[in-house]
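Novice: Put together the whole structure using the sequences plus the hints.
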Amino acid sequence: AQKVTQAQTEISVVEKEDVTLDCVYETRDTTYYLFWYKQPPSGELVFLIRRNSFDEQNEISGRYSWNFQKSTSSFNFTITASQVVDSAVYFCALSGGSYIPTFGRGTSLIVHP
Amino acid sequence: DAGITQSPRHKVTETGTPVTLRCHQTENHRYMYWYRQDPGHGLRLIHYSYGVKDTDKGEVSDGYSVSRSKTEDFLLTLESATSSQTSVYFCAISESVPAAEAFFGQGTRLTVV
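Top line first, the protein sequences correspond to chains A and B. The C-terminal residue of the first sequence carries number 113 in my numbering, and the numbering is unbroken. The C-terminal residue of the second sequence carries number 113 in my numbering, and the numbering is unbroken.
Hints are not guaranteed to be accurate.
[Stated by the list, open to error] Far from chain A, some chain B residues (derived; all Cβ distances over 12 Å):
no., residue
1, 22
2, 52
3, 53
4, 64
5, 68
6, 69
7, 80
8, 113
[Unchecked claim] Below, computed lysine-lysine pairings styled on DSS-like, alpha-carbon distance capped at 27 Å:
no., chain 1, residue 1, chain 2, residue 2
9, B, 70, B, 11
10, A, 38, B, 11
11, A, 38, B, 57
12, A, 38, A, 3
13, A, 38, A, 70
14, A, 3, A, 70
15, B, 57, A, 3
[To be verified] Quick list of the computed label-pair ranges, beta carbon to beta carbon:
no., chain 1, residue 1, chain 2, residue 2, range
16, A, 60, B, 73, 26 to 34 Å
17, A, 13, B, 56, 38 to 46 Å
18, A, 54, B, 54, 27 to 35 Å
No lab work stands behind these hints, which were simulated from the structure alone. Glycine residues also receive a C-beta, built at the ideal position from the N, C-alpha and C atoms.
Specialist: Below, the structure written as structure tokens:
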């Protein structure tokens, strides 16, 4: 069985602060994929990034960066210099040999002006 | 944007009535999923399909059934709606598993009174 844990239910920051969203996963598969999705207040779910289990390189996209560490089974997401538009619920997800994507419970990020 | 449409977008129904939600895609993706989203629970898988007439249960399938007679359509039926099925329902599609990301519909807000 696979599992995704997002221990942070809600994070509140002030604009321009850096914030890290944690994601810890469990799987017995050797090949698997990790994802982050964003759900803004409008409600739609938007794909942000995918990582496979063989690629531990960190990725940076603008103000967003992702840190994948197999040793700690973590795939954390950092927003640098947060903005109000970053306010959303963020979901981490895992897909492996079962072919069923498993989602974490989500972290609600509130960025105050 | 991926072509995925859910209907209806909002529905209020009475306890004990049957309800069918429709998910329609124009991407010809093989995999389709129904999730429900509830506060504190994140996204939970109800049923999924890996091809026409090929479906299977997710973690919260009790009280729900699905059908997929065409690649593009995936129907979710609540046989006899209960108040515990009040939720936001999301359909998702994926081109392949486990590697490909999921694309989500806009969601259906269902209220059972």
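Novice: Each hint: holds or not?
Specialist: Status of the hints after comparison with the structure:
no.	hint	verdict
1	22	18 Å, holds
2	52	17 Å, holds
3	53	17 Å, holds
4	64	16 Å, holds
5	68	16 Å, holds
6	69	22 Å, holds
7	80	26 Å, holds
8	113	21 Å, holds
9	B:70 to B:11	24 Å, holds
10	A:38 to B:11	25 Å, holds
11	A:38 to B:57	25 Å, holds
12	A:38 to A:3	19 Å, holds
13	A:38 to A:70	23 Å, holds
14	A:3 to A:70	15 Å, holds
15	B:57 to A:3	17 Å, holds
16	A:60 to B:73: 26 to 34 Å	40 Å, violated
17	A:13 to B:56: 38 to 46 Å	40 Å, holds
18	A:54 to B:54: 27 to 35 Å	29 Å, holds
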